[in-house]
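Peer 1: One line per chain: the protein sequences are A and B, in this order. Take the first sequence: its position 90, counting from 1, is numbered 99 in the working numbering, and each next residue is one higher. Take the second sequence: its position 139, counting from 1, is numbered 251 in the working numbering, and each next residue is one higher.
Worth flagging that the hints you see were computed from the coordinates, not collected in a lab. One thing to keep in mind: the hints can contain errors.
Derived BS3-like pairs: lysine-lysine, alpha-carbon spacing no greater than 27 Å straight-line [what the hints assert, rightly or not]:
| # | chain 1 | residue 1 | chain 2 | residue 2 |
| --- | --- | --- | --- | --- |
| 1 | B | K423 | A | K18 |
| 2 | A | K287 | B | K277 |
| 3 | A | K88 | A | K18 |
| 4 | A | K147 | B | K233 |
| 5 | B | K195 | A | K287 |
Among the chain A residues that face chain B by a calculated CB cut under 10 Å, a handful are [claimed, not checked]:
| # | residue |
| --- | --- |
| 6 | L52 |
| 7 | L98 |
| 8 | L99 |
| 9 | V118 |
| 10 | K147 |
| 11 | V199 |
| 12 | F202 |
| 13 | N239 |
| 14 | T263 |
| 15 | M264 |
| 16 | Y284 |
With the Cβ distance kept under 10 Å, some of the chain A side facing chain B (calculated, not the full set) [claimed, not checked]:
| # | residue |
| --- | --- |
| 17 | I27 |
| 18 | I34 |
| 19 | C35 |
| 20 | W72 |
| 21 | I76 |
| 22 | A90 |
| 23 | L94 |
| 24 | W113 |
| 25 | R117 |
| 26 | C130 |
| 27 | P137 |
| 28 | A169 |
| 29 | D228 |
| 30 | L260 |
| 31 | S270 |
In this text, all values refer to a predicted model and were calculated from it rather than measured experimentally. Idealized CB from N, CA, C, for every residue including glycine.
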Amino acid sequence: MKTKQQTLKSERRSKAVISIVLAIICVIYVLPVVTVAVNSFKLNTYVKTETFALPNKETSAGWSNFIKGMTFGNYPFMKAALYSLVITLLSTGLIILFTSMAAWYIARVNSRLCRTIYYLCVFSMVVPFQMVMYTLSKTADQLKLNTPWTIPIVYLGFGAGLAIFMFVGFVKSIPLEIEEAASIDGCGPVKTFFQVVFPMLRPTMISVGILEIMWVWNDYLLPYLVLDINSYRTIPIQIQYLKGSYGTVDLGATMALILLSIIPVIVFYLLCQKYIIKGVAAGAVKG
Amino acid sequence: MSRNRNTSAQPQDGADVKGVNGFRKKLTPMQRWGWLFLGPVVAAFIIGFVWPFIQGIYLSFCKFTLIRDAKFNGISNFIDAFKDATFLHAFWYTALFAVVSLVLINVLAFAVAYFLTQGIKGSNLFRTVFFMPNLIGGIVLGYIWSMIFDGVLSHLNTNIFMETKYGFWGLIILMLWQQIGYMMIIYIAGLQAVPDDMLEASKIDGASKWQTLWKVTIPNVMPSITICMFLSLTNGFKLFDQNLALNGGGQPFIQQADGSVVKTTEMLALNIYNTFYGSSSAAKGVAQAKAVIFFILVAGLGLAQLAYTRKKEVQQ
Numbered sequence: 010m011k012t013k014q015q016t017l018k019s020e021r022r023s024k025a026v027i028s029i030v031l032a033i034i035c036v037i038y039v040l041p042v043v044t045v046a047v048n049s050f051k052l053n054t055y056v057k058t059e060t061f062a063l064p065n066k067e068t069s070a071g072w073s074n075f076i077k078g079m080t081f082g083n084y085p086f087m088k089a090a091l092y093s094l095v096i097t098l099l100s101t102g103l104i105i106l107f108t109s110m111a112a113w114y115i116a117r118v119n120s121r122l123c124r125t126i127y128y129l130c131v132f133s134m135v136v137p138f139q140m141v142m143y144t145l146s147k148t149a150d151q152l153k154l155n156t157p158w159t160i161p162i163v164y165l166g167f168g169a170g171l172a173i174f175m176f177v178g179f180v181k182s183i184p185l186e187i188e189e190a191a192s193i194d195g196c197g198p199v200k201t202f203f204q205v206v207f208p209m210l211r212p213t214m215i216s217v218g219i220l221e222i223m224w225v226w227n228d229y230l231l232p233y234l235v236l237d238i239n240s241y242r243t244i245p246i247q248i249q250y251l252k253g254s255y256g257t258v259d260l261g262a263t264m265a266l267i268l269l270s271i272i273p274v275i276v277f278y279l280l281c282q283k284y285i286i287k288g289v290a291a292g293a294v295k296g
Numbered sequence: 113m114s115r116n117r118n119t120s121a122q123p124q125d126g127a128d129v130k131g132v133n134g135f136r137k138k139l140t141p142m143q144r145w146g147w148l149f150l151g152p153v154v155a156a157f158i159i160g161f162v163w164p165f166i167q168g169i170y171l172s173f174c175k176f177t178l179i180r181d182a183k184f185n186g187i188s189n190f191i192d193a194f195k196d197a198t199f200l201h202a203f204w205y206t207a208l209f210a211v212v213s214l215v216l217i218n219v220l221a222f223a224v225a226y227f228l229t230q231g232i233k234g235s236n237l238f239r240t241v242f243f244m245p246n247l248i249g250g251i252v253l254g255y256i257w258s259m260i261f262d263g264v265l266s267h268l269n270t271n272i273f274m275e276t277k278y279g280f281w282g283l284i285i286l287m288l289w290q291q292i293g294y295m296m297i298i299y300i301a302g303l304q305a306v307p308d309d310m311l312e313a314s315k316i317d318g319a320s321k322w323q324t325l326w327k328v329t330i331p332n333v334m335p336s337i338t339i340c341m342f343l344s345l346t347n348g349f350k351l352f353d354q355n356l357a358l359n360g361g362g363q364p365f366i367q368q369a370d371g372s373v374v375k376t377t378e379m380l381a382l383n384i385y386n387t388f389y390g391s392s393s394a395a396k397g398v399a400q401a402k403a404v405i406f407f408i409l410v411a412g413l414g415l416a417q418l419a420y421t422r423k424k425e426v427q428q
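Using the sequences and the accompanying hints, generate a full structural model.
Peer 2: The following block contains the structure:
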């Protein structure tokens, strides 16, 4: 029989071993991003042959990949980044405002219409994009929803399901008495919602916001099919356009663009890590 | 406005309105504002989902190159879809991919989550790093790994387009990198909810770590395991961006006896996309029929998950 001290000692040792193993996996996990960073400073021809070596005198391209990447394919990268930002912020804002309104109404009014909308929303969550891809892009085209300023309406429509589902779940957990008190004080439904309910929805708003930001920012196929590609591109579209087009691809410059596109994402992640992990967990468990 | 004063939540109807599931009955003043609360979402929902969905179902029974010239032709699109060798190959390839990735992702994610909840130093840092790839989009992920696989395989004088197995395992590695962190988060939440006194009790009863894991911990995190398994299965079936970016080059392929070409690393979603926007404009009806079959498959998985988790919730 082991003494208590021995068990403690062996436990501490096994914990140290786990820590070391996890630390090694961690390093392996970061390597792909590091490799991108390293290769963004290499000349095109060496990216394929010297992928895992640091740039040296012969292979280094300095900052030229970044300068080249900025105007790659005759489309300024900054323009694509700006459109990505506009679409993401507008879509997320629209989704949070309008789905929270609808969700409150659905949770509080027990009518056939509300139940139909609610179940349609739940249903839309299991429909893959390919099902509506062709018809949706045609409809969006006809209704002139093919610009960065109008495409958020398409995102509101196609993304409403999960947001409504999460908001309805949360509203049902808010005690009715608070709204009753507001209405006794003379608030109509609009005032009750915006002054009393809306502020209380904050935790779910953050979760929904995070999920929508991650979806819209990284989405490729929907904007690719809906937007007019010659004038409007988002970051994923621009990267796919350059890398996916046949012929000569400048790998060094592509890596520079990839690095530029993941830096803001990583900064955003490090700043809002707590909310992101919570939001993702909430969305997964419910959806 | 006197009618407005009779608002929804007055105490006297507050007593009898708490209906089933917390839904309320008879809220007329509120319903007068229904257009404002529901209007924007309903309008967008019809444009962005309902109408394209209905049109999609209709078009799957039509022959068309543009929506305007659609002509009804019964179920022949579906027959053509099931006869299409590329579609059948994509189905089996996708199914295999989904199952392999499901097993690997869940085993590894559970293991990582388990070790991270043992109170070791640096847990937070590890968690942060493992989750990070989730924020990178599918297209970018695909090109990051495409560069890495090119770098590795170029030393063997080959590349990812030379053999199906390279494409398959390449995509598996990519998905592991992306998804382990995500599933890990769900498993950590599940593991932290396991009651401490249960673990304590099994320790006092002399159970080994291994026995505790199998007999106490795993049964307690079954709900998380179910969710993660369904999630990784549907993710596998719906995979598109990563497949396009990593394997979208059109190779490797097999030439069929009838001259048609089967791209062996093409998954279902990409197959549907290529049928829609590929060279043959007459195939749009077949593509829409494939999309409907794909929808039934994915929705079936999703509804099975919903039904299963709901059943579990009732039991608890």
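Peer 1: Does each hint hold? Answer for all of them.
Peer 2: Now for the hints, and whether the structure bears them out:
With a C-alpha separation of about 45 Å, the suggested pairing of K423/B with K18/A is violated against the 27 Å cut-off. With a C-alpha separation of about 37 Å, the suggested pair K287/A and K277/B falls outside the 27 Å cut-off, and the hint is violated. Only pairs whose Cα atoms come within 27 Å are accepted, and K88/A paired with K18/A is rejected, the gap being roughly 59 Å. The hinted pair formed by K147/A and K233/B fails the criterion: a straight-line CA distance of about 54 Å is larger than 27 Å.
Taking the CA atoms of K195/B and K287/A, the gap is near 45 Å; set against the 27 Å cutoff, the hint is violated. This hint is violated: L52/A has a C-beta 14 Å from the nearest C-beta of chain B, more than the 10 Å allowed. Proximity of L98/A to chain B is violated relative to the hint, the smallest CB-CB distance being about 17 Å (cut-off 10 Å). About 13 Å separates the beta-carbon of L99/A from the nearest beta-carbon of chain B, more than 10 Å, and the hint is not met.
Hint on V118/A holds. Least Cβ distance to chain B is approximately 5 Å, under the 10 Å limit. Contact between K147/A and chain B, as hinted, is supported at the beta carbon level, the nearest pair being about 6 Å apart and thus within 10 Å. Taking 10 Å as the C-beta cut-off, the interface hint given for V199/A holds, the closest approach to chain B being about 6 Å. Checking F202/A against chain B by beta carbon gives a least distance of about 7 Å; that is within 10 Å, so the hint holds.
Of the supplied interface hints, the one on N239/A is violated, with its beta-carbon coming no nearer than about 17 Å to a beta-carbon of chain B, more than 10 Å. Residue-level restraint check for T263/A holds (minimum Cβ-Cβ distance to chain B is 7 Å; threshold 10 Å). Of the supplied interface hints, the one on M264/A holds, with its beta-carbon coming within about 7 Å of a beta-carbon of chain B, less than 10 Å. Contact between Y284/A and chain B, as hinted, is not supported at the beta carbon level, the nearest pair being about 13 Å apart and thus beyond 10 Å.
The restraint placing I27/A at the interface with chain B holds, with a minimum CB-CB distance near 5 Å, inside the 10 Å limit. For I34/A, the suggested interface contact is upheld, since its CB lies about 8 Å from the closest CB of chain B, less than 10 Å. Using the Cβ-Cβ criterion of 10 Å, the hint placing C35/A at the interface with chain B is satisfied: the shortest such distance is roughly 5 Å. Look at W72/A: its Cβ only gets to about 19 Å from chain B, farther than 10 Å, so that hint breaks.
Hint status for I76/A relative to chain B: violated, with the closest Cβ pair at about 20 Å, above 10 Å. Of the supplied interface hints, the one on A90/A is violated, with its beta-carbon coming no nearer than about 13 Å to a beta-carbon of chain B, more than 10 Å. For the restraint placing L94/A at the interface with chain B, the shortest Cβ-Cβ distance is roughly 14 Å, beyond the 10 Å limit, so the hint is violated. A least Cβ separation of about 7 Å between W113/A and chain B falls short of the 10 Å threshold, and the interface hint therefore holds.
Hint on R117/A holds. Least Cβ distance to chain B is approximately 5 Å, under the 10 Å limit. With 10 Å as the threshold, the beta carbon of C130/A comes within range of chain B, its nearest partner Cβ sitting at about 7 Å, so the hint holds. Of the supplied interface hints, the one on P137/A holds, with its beta-carbon coming within about 5 Å of a beta-carbon of chain B, less than 10 Å. With its C-beta approaching chain B no nearer than about 5 Å, A169/A sits inside the 10 Å limit, and its interface hint holds.
Among the interface hints, the one on D228/A holds; its C-beta lies about 8 Å from the nearest C-beta in chain B, closer than the 10 Å criterion. Hint on L260/A holds. Least Cβ distance to chain B is approximately 7 Å, under the 10 Å limit. For S270/A, the suggested interface contact is upheld, since its CB lies about 6 Å from the closest CB of chain B, less than 10 Å.
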